[in-house]
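K.L.:
Sequence:
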Amino acid sequence: MRRINFANKRHMADSKVNDILVFLSVVDTGSFASGGKAFGLSRSTAGKAVARLEDRYGVRLLNRTTRAISLTEDGQRLYHKGQAIQAAIAKADTSMAGADGIPSGTLRIAAADALGRRILMPVVRKFQQEWPQVRFEISFSDTVSHIIKDGFDLAVRVGVNSPDVSLISRTLMTDGPVLCASPAYLKDREAPKNIEHLSTHDLLQFSSVGQRQVWALQDASGFWSNASGRVPLRLDSAEALREAALAGMGIALLPGILVKDDLDAGSLMQVLPDIETGEVPIVALYPHKRFLEPRVRQFIDMLAADMSARR
1 MRRINFANKR
11 HMADSKVNDI
21 LVFLSVVDTG
31 SFASGGKAFG
41 LSRSTAGKAV
51 ARLEDRYGVR
61 LLNRTTRAIS
71 LTEDGQRLYH
81 KGQAIQAAIA
91 KADTSMAGAD
101 GIPSGTLRIA
111 AADALGRRIL
121 MPVVRKFQQE
131 WPQVRFEISF
141 SDTVSHIIKD
151 GFDLAVRVGV
161 NSPDVSLISR
171 TLMTDGPVLC
181 ASPAYLKDRE
191 APKNIEHLST
201 HDLLQFSSVG
211 QRQVWALQDA
221 SGFWSNASGR
231 VPLRLDSAEA
241 LREAALAGMG
251 IALLPGILVK
261 DDLDAGSLMQ
271 VLPDIETGEV
281 PIVALYPHKR
291 FLEPRVRQFI
301 DMLAADMSAR
311 R
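Read left to right, the sequence shown gives residues 1 to 311 (UniProt numbering).
Between beta-carbon pairs, the in silico distance windows are: (1) ALA88 <-> LEU233: 50 to 56 angstroms; (2) SER42 <-> THR106: 21 to 27 angstroms; (3) GLN129 <-> SER199: 46 to 52 angstroms.
Hint data in this document are derived by calculation from the structure and do not stem from the laboratory.
Since the model is a prediction, treat every value here as computed from it, not as a measurement.
We treat Cβ as the ideally placed atom computed from N, Cα and C, and that holds for glycine.
Produce the complete structure using the sequences and hints provided.
P.N.:
Written as structure tokens, this is what we have:
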């Protein structure tokens, strides 16, 4: 097997480095279309960049099928060497941010809708007061985004610890979900006395592509069971579920941090308060980089400090 001469300086010309970075992006995102998109390139242009590398080194870097791509042994070697190049470029970018690593540029964030707004926006305001040179682009959605493929620097999610080894997961806080309903609903229907009684009630549950909420509840004896009942409404938005509960449409299991003000105001009432609903992590997910941009690192630290103060 022919060895790739990574030390040859002619391979390190700008165009060749760019080809390697495109190659890394194709591998990270899993497709030529998405890998090229990260650099403003078409699918075919990204494919040509990888083909130039294969011609240059005289080896095949990727196994290609109609459904997926995977690294060959030589591709793995180039990928790991390319990551070192990428890290060096990221380090140079960091140094250019200032001697103290002053945050600057655009920070792209994907966040869970209602909870993200409540958690994120106060921190965004505070961060921009401290670092006005940072701009934000934020997508609020309860549909889980592909962070690298969609070009995000950071995602804030509820109960999602990604198995993707290219992502780092940092728990910001844990939150206890609350079974709740409006006073009007509980007045019209007999309030449930135990988990089994939920089977006679209307349950409002979360559901989206690849996700369907299951109510795992623990009774006073320590026995865990999945609650069942009539489910007249499934929604892909926690905020919409909250509004449905406020409107008296049924019982919902919602993040405690989302309904705290409603419970305090009496517009929602806790159902089965002695039942244990478990704890759900609120996590920050971001690409695995040796050198994290100052704007990303500083924002995660500020967000974590804010979450810690809420506990």
